[in-house]
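All the letters of the sequence shown, read from the start, carry residue numbers 1 to 239 under the UniProt record's numbering.
Hints are computed from structural coordinates only; laboratory data are not their basis.
What you are looking at is a predicted structure, and each value in this text was computed from that prediction instead of being measured.
All C-beta atoms in this analysis are idealised placements derived from N, C-alpha and C, irrespective of residue type, glycine included.
Just to be clear, a hint being listed does not mean it is correct.
As the list claims (entries may be wrong) - In silico BS3-like cross-links for lysine-lysine, where the CA-CA straight-line distance does not exceed 27 Å:
(1) 223 - 44
(2) 223 - 118
(3) 223 - 86
(4) 86 - 118
(5) 118 - 29
(6) 29 - 86
(7) 44 - 29
(8) 44 - 138
(9) 44 - 86
(10) 44 - 118
As the list claims (entries may be wrong) - Computed spacing ranges between beta-carbons, pair by pair:
(11) 24 - 105: 42 to 52 Å
(12) 121 - 190: 12 to 22 Å
(13) 78 - 52: 30 to 40 Å
(14) 223 - 22: 32 to 42 Å
(15) 23 - 220: 35 to 45 Å
(16) 54 - 203: 29 to 39 Å
(17) 223 - 120: 34 to 44 Å
(18) 70 - 90: 29 to 39 Å
(19) 123 - 29: 19 to 29 Å
(20) 57 - 123: 38 to 48 Å
(21) 76 - 32: 40 to 50 Å
(22) 203 - 24: 19 to 29 Å
(23) 139 - 44: 16 to 26 Å
(24) 213 - 120: 22 to 32 Å
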Amino acid sequence: MPTRTTSPKKASTAARLQRENTHDEIYEKIYVAILEHRLHPGTKLAEERLADIFGVSRARIREVLARLAHEQIVELYPQRGAFVAKPTIEQARDVFEARRLIEPAVMRRLVQTLNPEKLARLRMHQELELDARRRDDKRAVIRLSGEFHSLAADLAGNTALARSMRELSVLTCLMIFLYDAPTSTSCRADEHSQIIDAIARRDAARAERLMLEHLEHIEHSMKLDEATEEVDLEAIFKG
Numbered sequence: 001m002p003t004r005t006t007s008p009k010k011a012s013t014a015a016r017l018q019r020e021n022t023h024d025e026i027y028e029k030i031y032v033a034i035l036e037h038r039l040h041p042g043t044k045l046a047e048e049r050l051a052d053i054f055g056v057s058r059a060r061i062r063e064v065l066a067r068l069a070h071e072q073i074v075e076l077y078p079q080r081g082a083f084v085a086k087p088t089i090e091q092a093r094d095v096f097e098a099r100r101l102i103e104p105a106v107m108r109r110l111v112q113t114l115n116p117e118k119l120a121r122l123r124m125h126q127e128l129e130l131d132a133r134r135r136d137d138k139r140a141v142i143r144l145s146g147e148f149h150s151l152a153a154d155l156a157g158n159t160a161l162a163r164s165m166r167e168l169s170v171l172t173c174l175m176i177f178l179y180d181a182p183t184s185t186s187c188r189a190d191e192h193s194q195i196i197d198a199i200a201r202r203d204a205a206r207a208e209r210l211m212l213e214h215l216e217h218i219e220h221s222m223k224l225d226e227a228t229e230e231v232d233l234e235a236i237f238k239g
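Generate the whole structure from the sequences, applying the supplied hints.
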């Protein structure tokens, strides 16, 4: 019985898909580790070490880090390498200014396009968040709280809004850690529930107002006025 051989084109396509899947998997693992505060702001992401951990080439790790840097989650420095982003106080305020513009638009569009499936996904996500709070799983709470905002943007159906929201959510998670915001008050589950209830009633004006109040609470939970930024002495004296 003759054996079937794989054509070079199919083999090339399969190899490409495997590379992309590996790339996405590594990206997601680093992304979630940052969201859950297992990787702190300013942590160095050494290419060689990550390549060993994930069993891939340094070139593959470099691609992932470049993608994260494009999304402002990672900062790349010549001769120094890659570091988890460490947003300044000014950048933190910029993030909230952007969120105050974007998230009301997300609420409006989500209410306009709402269907039972979208509402069910919001409710399901909220149950996961409430369960994490009951278990006092702080890492899961932080991740799920941030993902709630990204999910709402995804469900709204505007890919540009969703991409921006994903980046802003992870930057906010970094800032919560960096500027000492308490997990219990920085992104409160009851406020998410109220927003979902307003969306369910198709009350776009109330959903927008609640979201803006929610963002204000998150921002005010951070010590942005008191914070003193660390100075990189090595960069000053050896740069």
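Hint by hint, here is what the structure shows:
Restraint check for residue 223 and residue 44: the C-alpha separation of about 24 Å stays at or below 27 Å, so the hint holds. At most 27 Å may separate the alpha-carbon atoms for a hinted pair to count; residue 223 and residue 118 exceed this at roughly 35 Å. Proximity of residue 223 to residue 86 is assessed by CA-CA distance (about 15 Å); at most 27 Å being required, the pair is judged to hold. With a CA separation close to 34 Å, the supplied pair residue 86 and residue 118 exceeds the 27 Å bound.
A hinted pair counts as satisfied when its Cα atoms are at most 27 Å apart, and residue 118 with residue 29 qualifies at roughly 26 Å. In summary, the hint linking residue 29 to residue 86 is supported, as the alpha carbons are separated by about 19 Å, within the 27 Å threshold. For the hint linking residue 44 to residue 29, the alpha-carbon distance of about 16 Å falls within 27 Å, and the restraint holds. Proximity of residue 44 to residue 138 is assessed by CA-CA distance (about 23 Å); at most 27 Å being required, the pair is judged to hold.
Note on residue 44 and residue 86: the hinted pairing holds, with a Cα-Cα distance of about 11 Å set against a maximum of 27 Å. With a CA separation close to 38 Å, the supplied pair residue 44 and residue 118 exceeds the 27 Å bound. Checked against the given bound of 42 to 52 Å, the beta carbons of residue 24 and residue 105, roughly 28 Å apart, lie outside it. At roughly 19 Å, the beta-carbon separation of residue 121 and residue 190 lies within the given 12 to 22 Å, and the hint holds.
One distance hint, 30 to 40 Å for the beta-carbon pair residue 78 and residue 52, is violated here, with the actual separation near 23 Å. A C-beta distance of roughly 39 Å is found between residue 223 and residue 22, which places it inside the suggested range of 32 to 42 Å. Taking 35 to 45 Å as the suggested C-beta distance range, the pair residue 23 and residue 220 conforms, at roughly 38 Å. With their beta carbons about 46 Å apart, residue 54 and residue 203 fall outside the hinted range of 29 to 39 Å.
Between residue 223 and residue 120 the C-beta distance comes to about 38 Å, which sits within the given range of 34 to 44 Å. Our hint of 29 to 39 Å for residue 70 and residue 90 is violated, since their Cβ atoms are close to 21 Å apart. Look at residue 123 against residue 29: about 27 Å separates their beta carbons, and that is inside 19 to 29 Å. Distance hint for residue 57 and residue 123: a CB-CB separation of about 42 Å, consistent with the stated range 38 to 48 Å.
Take residue 76 and residue 32: their Cβ atoms lie about 20 Å apart, and the range 40 to 50 Å is violated. Range check, residue 203 to residue 24: about 37 Å between beta-carbon atoms, so the 19 to 29 Å window is missed. At roughly 21 Å, the beta-carbon separation of residue 139 and residue 44 lies within the given 16 to 26 Å, and the hint holds. Between residue 213 and residue 120 the Cβ separation comes to about 25 Å, which falls inside the hinted range of 22 to 32 Å.
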